[in-house]
Every structure is written in structure tokens, then in C-alpha cells.
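Novice: Take the sequences, apply the hints, and build the full model.
2 protein chains.
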Amino acid sequence: MNDLKTCIEENKHLINKHLDEYLEIRYPDIIWESMRYTVLLDGKRLRPLLVLETVKACGGKIENAIPTACAIEMLHAQSLIHDDLPCMDNDDLRRGKLTNHKVFGEAIATLAGDALLSFAPQVIIQKTPTAVKNEIILKILEEFLITAGALSLIGGQVVDIQSENKKIDKETLNYIHSHKTGDLIRFSTRAGAIFAEAPENIVKVFDEFGRLIGYAFQIADDILDIISSADELGKTTGKDEKSQKSTYPKLYGLENSITEVKNLCKQAKNVLINNNIATPVLIQLTENIMIKSEKDKK
Amino acid sequence: MNDLKTCIEENKHLINKHLDEYLEIRYPDIIWESMRYTVLLDGKRLRPLLVLETVKACGGKIENAIPTACAIEMLHAQSLIHDDLPCMDNDDLRRGKLTNHKVFGEAIATLAGDALLSFAPQVIIQKTPTAVKNEIILKILEEFLITAGALSLIGGQVVDIQSENKKIDKETLNYIHSHKTGDLIRFSTRAGAIFAEAPENIVKVFDEFGRLIGYAFQIADDILDIISSADELGKTTGKDEKSQKSTYPKLYGLENSITEVKNLCKQAKNVLINNNIATPVLIQLTENIMIKSEKDKK
Chain A
412 MNDLKTCIEE NKHLINKHLD EYLEIRYPDI IWESMRYTVL LDGKRLRPLL VLETVKACGG
472 KIENAIPTAC AIEMLHAQSL IHDDLPCMDN DDLRRGKLTN HKVFGEAIAT LAGDALLSFA
532 PQVIIQKTPT AVKNEIILKI LEEFLITAGA LSLIGGQVVD IQSENKKIDK ETLNYIHSHK
592 TGDLIRFSTR AGAIFAEAPE NIVKVFDEFG RLIGYAFQIA DDILDIISSA DELGKTTGKD
652 EKSQKSTYPK LYGLENSITE VKNLCKQAKN VLINNNIATP VLIQLTENIM IKSEKDKK
Chain B
412 MNDLKTCIEE NKHLINKHLD EYLEIRYPDI IWESMRYTVL LDGKRLRPLL VLETVKACGG
472 KIENAIPTAC AIEMLHAQSL IHDDLPCMDN DDLRRGKLTN HKVFGEAIAT LAGDALLSFA
532 PQVIIQKTPT AVKNEIILKI LEEFLITAGA LSLIGGQVVD IQSENKKIDK ETLNYIHSHK
592 TGDLIRFSTR AGAIFAEAPE NIVKVFDEFG RLIGYAFQIA DDILDIISSA DELGKTTGKD
652 EKSQKSTYPK LYGLENSITE VKNLCKQAKN VLINNNIATP VLIQLTENIM IKSEKDKK
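Heads up: the protein sequence lines correspond to chains A and B, in order.
Take 412 as the starting number for the first sequence in the numbering used here and just add one per residue.
Take 412 as the starting number for the second sequence in the numbering used here and just add one per residue.
Any copy will do: because identical chains look the same in the list, a pair fits if it lies in one copy or spans two.
The calculated lysine-lysine pairs, modelled on BS3-like cross-linking and capped at a C-alpha distance of 25 Å, are:
1) K673 - K703
2) K550 - K538
3) K513 - K577
4) K615 - K544
5) K455 - K703
6) K581 - K703
7) K544 - K467
8) K680 - K416
Source of the hints: derived by calculation from the structure; they are not laboratory data.
Small disclaimer: the values here were computed from a predicted structure and weren't measured.
Specialist: What follows is the structure, encoded as C-alpha cells:
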């Protein structure tokens with residue numbers, strides 16, 4: 412797995428450098444500090460990596476997609492800041508650090524999330540190289556905004572909140588997973604293909620690949636929530652159980668969940684291989700999700 | 412003032428019809444209901460009116476600007492929803508009705524604001540007639556997102572929050588006013604001129620006009636907060652005093668504030684008249700702000 416590790420580290424360095432640059436502190440400092448705090452928390456930068464690796468797989472130029480890759484990471488951070496608020500999941504820890512509102516207070520944390528929501532697409536407009544056609548930028552912006560909104564990320568979060576302490580069916584769980592976390596991963600691979608100006612059928616392949624690993628990733632995350640300690644995970648664990656959240660392992664059991672992750676990852680790999688667009692990094696990334704979900708067996 | 416009244420009513424009808432259409436209820440219903448609740452509260456639709464009247468003044472087609480006029484109203488509603496939250500201004504009433512979180516709870520209200528922040532620019536992309544050039548849509552989107560963000564609306568709100576219970580100077584008050592409320596009014600007139608493809612000097616004229624009436628509007632609002640009853644205003648009054656907010660009337664006195672509104676409105680009218688782009692509606696709208704601020708003298 413050395414290749415993947417190196418690749419993740421290089422990508423992290425590249426993305427963090429740009430995020431740091433885009434989010435330079437301006438007046439009033441506190442809001443930029445709060446935005447930076449969560450965006451720049453240590454993380455794998457999985458979504459930006461998926462964007463840039465898909466661009467490469469489709470033979471495009473990664474520099475065209477860097478602002479969008481960073482915008483996706485900012486949107487991800489925004490959703491974490493607001494999800495952690497006392498009126499939502501009320502979380503104190505995130506990636507091993509205090510959550511945004513614990514450091515900056517609820518008002519600034521709410522506003523920092525808002526600010527990221529408009530700053531992220533602004534970065535796409537202002538920082539994407541002028542060589543990229545306006546129609547591509549508009550297509551990316553449209554999909555980005557849909558993904559951020561009530562039909563997608565927020566829709567998933569709403570149904571998640573409404574499902575607490577309730578017995579939910581498979582369809583509802585599927586809706587929560589595919590929208591709350593899946594759609595942003597799916598958009599990441601789509602965006603890569605769109606920037607590379609890949610033909611429509613290839614965009615669809617990456618759409619499907621993103622959908623499959625997004626779902627696998629969420630189930631693996633829920634498995635980890637059960638089997639890991641807070642130390643390892645850097646966030647409050649066992650939260651799902653405590654808050655009576657419905658998760659895949661809870662509905663189907665741990666063993667079935669691990670099998671499902673394996674199946675999804677296998678399908679995801681096959682989608683790429685069957686269309687001759689598999690790259691070593693994308694395959695290894697997918698296998699990594701499988702390994703993550705099997706951690707408890709070691 | 413009959414002309415203006417008719418014009419306001421017709422504009423209100425047009426904008427409400429489109430807002431109602433854009434915000435059709437989808438799954439999960441509760442989030443769309445929450446978004447609709449605040450967006451469709453009875454209001455004058457001043458900002459959309461400014462967009463469309465500026466388009467007319469510049470000889471453009473209003474249908475090109477309707478989605479953006481509605482997006483501005485949605486952004487305005489978003490800022491109200493989040494400003495009213497317990498962690499911010501903690502308001503119970505807005506336009507004579509319960510605030511969003513009082514009806515839908517804090518979590519949904521927070522998410523409804525978030526959803527509006529991404530839905531508004533999405534409407535600009537999806538609903539602007541295809542006849543409008545991509546570069547104009549991108550310019551509008553960029554300015555919209557800047558106005559919504561930390562350099563503008565949110566920056567103003569942050570400094571406003573930080574200034575509570577503090578003695579602030581003229582520059583700080585000016586920063587709060589121009590960003591928290593001024594910039595969206597300024598963007599409304601700019602957007603109208605941009606959609607009409609007005610030459611750069613005319614866009615600048617409408618930028619200045621928007622800046623002047625935006626400032627006048629905020630001072631008039633603060634005057635009203637002091638002199639009106641809650642019944643008349645439809646929101647909690649005397650809030651500024653209670654929360655120790657610095658306002659123009661507080662720093663300069665009521666008489667000076669009324670004089671300042673008059674001066675600003677006079678300047679605003681002159682900017683239009685001197686450039687031969689005054690329309691009866693824009694002039695009457697400006698005079699209306701003056702009358703509003705003089706209400707107490709009657």
C-alpha cells in the first residue's frame with residue numbers, strides 16, 4: 412500500500428497548500444479563523460483525491476480541477492461544522508480536536524458554515540484557470556450547488572435527524588446514506604470526469620463508481636463507530652448507538668455489513684476495470700475501504 | 412404615491428408567483444416548508460423591485476433578471492432565519508409571525524438557511540433564460556456569492572455581534588451597515604444594470620445609487636426600531652436598545668439621523684438624475700425611505 416500512502420500524502424500537501432492560500436485571513440479575522448479551523452483540521456482529503464485521481468484517469472489536467480477539489484473539501488467542512496452544533500448532533504470532538512462551536516461559540520460557528528457555503532463556489536468561479544470553458548464551470552457549479560442543497564446533503568441530514576429514536580426501513584436508511592455522505596463523494600468523481608471533458612458514458616461510469624464507494628464508505632464508517640475507540644477515531648464513538656441513530660450495522664448486523672462493504676467495493680472496482688479506466692490509486696483506494704471495514708477481525 | 416403602490420403590488424405578485432414556483436415542496440417536505448415559510452412571509456420585495464426597476468431603467472428585459480431577483484429575496488430570507496436563531500439575535504417575531512426556529516425548531520431552521528444559500532444561486536443557473544450569455548450569469552453568480560459571504564453580509568453580521576455591549580466608532584458602524592444590509596441592496600441595483608448589459612459607467616452609477624439608498628434604508632430602519640410599536644412593525648421593537656446594539660440614532664441622535672437619511676436620499680436621487688437614468692419609480696422609492704424616517708414627526 413506504499414503507492415497509495417505516498418499518493419495520499421502528496422495530494423494532502425497539494426490541497427492543504429491551496430486551501431491555506433484561498434482562506435487567507437481577512438477582516439473580520441474571527442470568521443476566517445473559524446472557517447480555517449475546521450477546513451484545515453488534519454484529514455485524508457479523500458474527496459479532493461477522488462476528484463484529482465479521476466481527472467488523471469480521464470487524461471485531463473489536474474490544475475483545472477484543484478479549486479473545485481478544494482471547494483468540495485470546504486463544503487464537507489461546512490457540513491461538519493453545522494452537524495456538530497448543539498441543535499444538531501451536539502458533538503464536542505471532531506478529528507481529535509474540539510468542534511468549531513466549542514472553540515468559537517455557536518454564533519460564529521453557524522456563520523462560518525454559512526460563509527463556507529458561499530465561499531466554496533466563489534473559489535470555483537475565481538480560481539479555476541481561464542482555459543476552462545464557461546459552460547464547464549457552470550455545469551460544475553450547478554452540480555455543486557445541488558449536492559450542497561435540500562435535494563442532496565441537507566435532505567440526507569434532515570431525514571437523519573427525523574429518524575433518530577425511530578425504527579426506519581431500508582429505503583429511508585438508503586436515502587440518508589446516499590444523500591448525507593454519498594452524494595458528495597459521487598460528485599467528486601463526476602467533477603473529475605467533467606473537468607477532463609470525458610464523454611458522457613465515462614462520466615456515468617465515474618458517477619456509478621462514486622455512488623458505490625460512497626455507500627461503502629458510509630457503511631465502513633458506521634462499522635468503525637462501533638468497533639473503534641475514541642482515541643483511534645478522533646471523534647466521539649458509540650454516538651450512533653447513544654443517539655439511537657439507525658445505521659446499516661444496526662439494521663443488518665456487523666457481519667452482513669462487512670460483507671456489504673466488500674460487495675460494493677468489488678462492484679466499484681469492476682465498474683472501472685470493465686471500462687478500462689482503472690488506475691492503481693483508484694483501485695487501492697477502493698480496497699482500502701474494504702480493509703477499514705474488516706479492522707475488527709484482526 | 413399611487414404609482415409606486417401599484418408598482419410595488421405588481422412586483423410583489425410577480426416575484427411571489429416565481430418564488431412559490433421555484434420552492435415547490437419536494438421530499439423531505441419539512442425542509443422545503445421551512446424554506447418557504449420565511450421566504451414567502453409577507454414583505455414588500457424591495458430588493459427584487461430594485462433589480463427589476465434597474466433593468467427597466469437601463470432598457471433591459473426584466474424576464475432575464477427574475478430568477479436573480481428571486482435569488483436575492485431567498486438570500487435575504489436566509490440571513491433573517493439565521494440572524495433570528497437563539498445563538499444570534501434570539502428573535503421570536505419576524506414580519507408579524509413567529510420566526511422560523513420557533514415554528515420548525517433550531518435544527519431545521521439552521522438547515523433551511525443552509526439550503527437557501529445553495530438553492531438561490533442554483534435558481535440563477537437553472538432558471539435564467541438561455542438567451543443570457545454564460546459570462547453574464549457567471550459575473551452575477553460571482554457577485555452574488557461575494558455578497559452572501561464573509562467579505563460582505565456575513566462579515567457585517569460578525570462585526571455586529573462582536574460590537575454588542577461595546578462602544579463602537581463611526582468606521583465600525585459604517586462597516587456593519589454597509590455590509591450587513593447595504594451590500595445586498597447595492598448588489599440588487601448592480602445586478603439589474605448587469606443583466607441589461609449597461610455600460611460599465613452606468614453599472615457604477617447604479618452601484619453608487621444602491622450604496623446610498625442601502626445606507627439610508629438601514630438608518631431609517633433603526634429610527635423605526637425606536638419610534639414604532641411592535642404591532643406596526645411586525646417584529647420585536649426596541650431590540651437594539653435592549654441588546655445594546657450600536658445604531659446610527661444612538662451614536663448621532665434621532666434628529667441627526669433623520670437629516671442623514673434625507674441627505675443620502677437626496678444624493679441618491681441626484682446620482683440618477685445627473686446621469687439621465689432616473690425613473691419615476693426609483694425616485695419615488697427613494698423618497699419613500701425619507702418619508703419612513705420622518706414618520707415620528709407627524
